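The chain contents come next:
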Amino acid sequence: MLADLLVSVLFIVYAISVLMGFGTILTWVERKQAAVMADRIGANRAYIRIPGTQVKLVWWGLFHGMADGLKMLVKEDWKPRTYDWYAYAVAPWVVFTPVLLVFAVIPFGGTLHPAHLWAPLAGFFGDKSYPMQIATLDGGLLIIFAFSGMTIIGAMLAGWSSSNKFALLGALRAGSQMISYELVLGLTLLGLILIYGTVNLDAMVRHQSGTVLGFLPAWGIVYQPFAATLFLTAAIAENKRIPFDLPEAESELIAGYYTEYSAMKMGLFMFAEFIEIAIIGALFTTFFLGGYNLPYMNDAGFAFPGGGTAALPHGAVVVTQMVTFLAKVFLLCSFQILIRWSLPRFRYDQVLMFAWKFMFPLALANLVITAVVMWALGK
Amino acid sequence: MTRRTHVRKRYWNEPEMGWYEKAYLPEILKGLAITGGVFLRNMAKWMTGKKGALTTYYPEETRWDYARGNRGKHVLVQRPDGSPQCIACNLCATVCPAKVIEIEAAFDPADAAHPKYPARFEIDYSRCVFCGLCVEACPEDAIRMEKEVPTLPSPDRHVMWLGKEELLAWKPARDAAKPYPGRPAGDKDRP
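So the sequences go chain by chain: Z and E. Everything in the first sequence is counted per the numbering used here, starting at 42 for the first residue and increasing by one. Everything in the second sequence is counted per the numbering used here, starting at 3 for the first residue and increasing by one.
These are calculated hints, taken from the structure and not from any lab test. Source: prediction; values computed, not measured. Warning: the hint list may mix true and false statements.
Said to hold, decoys possible - Distance condition first, Cα-Cα at most 27 angstroms in a straight line; then the derived DSS-like pairs of lysine-lysine:
hint : chain 1 : residue 1 : chain 2 : residue 2
1    : Z       : Lys97     : E       : Lys166
2    : Z       : Lys398    : E       : Lys32
3    : E       : Lys24     : Z       : Lys97
4    : E       : Lys24     : Z       : Lys398
5    : Z       : Lys116    : Z       : Lys206
6    : Z       : Lys97     : E       : Lys52
7    : E       : Lys53     : E       : Lys149
8    : E       : Lys53     : Z       : Lys398
9    : E       : Lys53     : E       : Lys118
10   : E       : Lys47     : E       : Lys32
Using the sequences and the hints given, assemble the complete structure.
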């Protein structure tokens with residue numbers, strides 16, 4: 042019992058520090074990557090001076106995230122005379138918390154077997170093994186949809202309680218846009234559920250550790266390349282980032298639904314957006330890129346398509362899986378930032394048209410074709 | 003009253019999209035390949051110790067290609083004896099739109115040709131807009147501008163107030179723009 046508690050606390054601490062770390066690092070990555078893409082140097086003026094010396098640590102501008110956080114904390118927490126102060130105060134947390142909660146069901150590693158890790162641990166843990174995710178739920182996918190749907194409520198609350206016309210417009214845009222794309226998001230994943238036959242995320246990842254056609258890793262993106270593209274597009278739209286950042290379009294709506302927010306409350310909205318980038322990366326990795334596994338890898342080691350196998354010690358497997366997961370998520374975050382700094386913003390009617398007239402039929406067609414193929418294969 | 007629906011005007015040179023463009027995804031991927039390529043190229047330069055940016059890391063590093071006529075830091079032109087050519091007429095301070103020039107005139111009975119000279123000549127560079135009007139206004143060609151702003155940028159505005167000594171620090175061996183006439187023969191009055 043105590044051992045279970047300890048492992049759970051460890052996992053939770055790991056997950057939260059990973060998310061917070063991604064949230065902080067991504068503010069820096071976004072700035073620097075944009076700068077490098079545009080032939081610029083990028084933010085690099087924030088420094089930490091070693092006390093008592095004139096040595097200034099710049100570290101490629103890594104401390105700008107800290108400077109931002111400090112600025113947001115010491116800034117005046119300005120509030121409008123809002124229509125509804127309670128909703129105003131609660132809204133940032135309604136946006137922020139579900140984003141963190143989504144990560145609870147995402148497996149960030151295979152199975153942890155403490156006794157195999159280090160023999161003396163067997164005395165405390167026994168012969169138990171723990172799947173490396175916070176909540177091993179059978180309906181993991183449903184939890185993800187339930188929680189990611191909740192951020193809409195936060196955005197709507199923020200816009201409505203600010204009693205500001207721009208904020209309200211932003212909130213309305215956010216509402217209709219997120220509901221439209223939520224639908225596409227769900228439909229693209231239905232095809233995967235048909236193939237994997239489960240909504241348990243860990244089982245989904247295990248399903249992807251084999252091979253298909255003899256040599257390709259059996260990743261979701263190989264089975265459903267179309268759904269993967271649609272999923273990534275819809276997820277970026279769901280996160281309200283360029284090219285779908287209509288709810289916050291600066292040139293039209295000041296800052297959209299969080300126009301009236303200042304200091305750390307505004308920071309929470311921004312932070313939630315950055316963490317959601319990492320969450321989207323984690324979801325895409327889990328569904329389409331084989332999760333925490335390298336190609337041809339499973340919990341025992343490698344099983345290459347030629348028939349050769351390479352067994353790995355348990356500790357190496359666990360570390361490899363965790364690092365692989367983080368690396369995949371980071372690459373996807375970087376890809377999303379690449380998209381954000383490459384594409385121009387849609388017009389609002391184009392956004393909804395794109396969702397309902399382009400992506401929705403495509404996602405439906407993808408689902409129908411998948412279903413027919415699965416039926417023809419007799420599965 | 004009937005309202006006609008809005009019909010968007012079609013222009014004769016409006017681009018027509020083929021099926022390939024309308025498919026949207028290939029063109030998006032092309033664009034991403036371009037921006038991603040720029041990113042990778044610049045990143046490779048940074049990684050190998052070269053500079054992957056066109057911009058400069060300003061005060062520490064300045065551009066080499068300042069224009070010849072760029073308006074930078076001021077210099078007070080000197081007479082051959084090293085005294086400023088300025089006659090403290092205050093025209094530059096009057097014309098200055100940012101009101102950054104302060105001149106305190108003084109009287110030198112020993113110099114009969116230029117009895118009025120600046121005891122203080124100060125420019126507050128934290129407010130100077132580098133418009134060059136002072137240079138235009140000067141009747142004596144006593145104030146000019148370098149093309150650069152060496153050592154000017156600073157995080158502290160209190161060190162950006164330069165006085166006569168700093169402005170006179172410019173010591174050209176020969177002033178090509180306006181050579182000062184040599185000392186007339188028999189002029190023994192002035193040092």
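Okay, the hints, checked on the actual structure:
1. For the hint linking Lys97(Z) to Lys166(E), the alpha-carbon distance of about 34 angstroms lies beyond 27 angstroms, and the restraint is violated.
2. Taking the CA atoms of Lys398(Z) and Lys32(E), the gap is near 23 angstroms; set against the 27 angstroms cutoff, the hint holds.
3. Taking the CA atoms of Lys24(E) and Lys97(Z), the gap is about 52 angstroms. The hint is violated against a cut of 27 angstroms.
4. Our distance criterion of 27 angstroms between C-alpha atoms is met by Lys24(E) and Lys398(Z), whose separation comes to about 13 angstroms.
5. For the proposed pair Lys116(Z) and Lys206(Z), the alpha carbon gap of about 24 angstroms is at most 27 angstroms, so the pair holds.
6. Restraint check for Lys97(Z) and Lys52(E): satisfied, since their Cα atoms lie roughly 22 angstroms apart, inside the 27 angstroms limit.
7. Among the hinted pairs, Lys53(E) with Lys149(E) is consistent with the structure: their alpha-carbon atoms are about 25 angstroms apart, no more than 27 angstroms.
8. For the suggested pair Lys53(E) and Lys398(Z), the alpha carbons sit about 46 angstroms apart, so the restraint of at most 27 angstroms is broken.
9. In summary, the hint linking Lys53(E) to Lys118(E) is not supported, as the alpha carbons are separated by about 52 angstroms, beyond the 27 angstroms threshold.
10. Of the pairs offered as hints, the one joining Lys47(E) and Lys32(E) holds, with about 23 angstroms between alpha carbons and a cut-off of 27 angstroms not exceeded.
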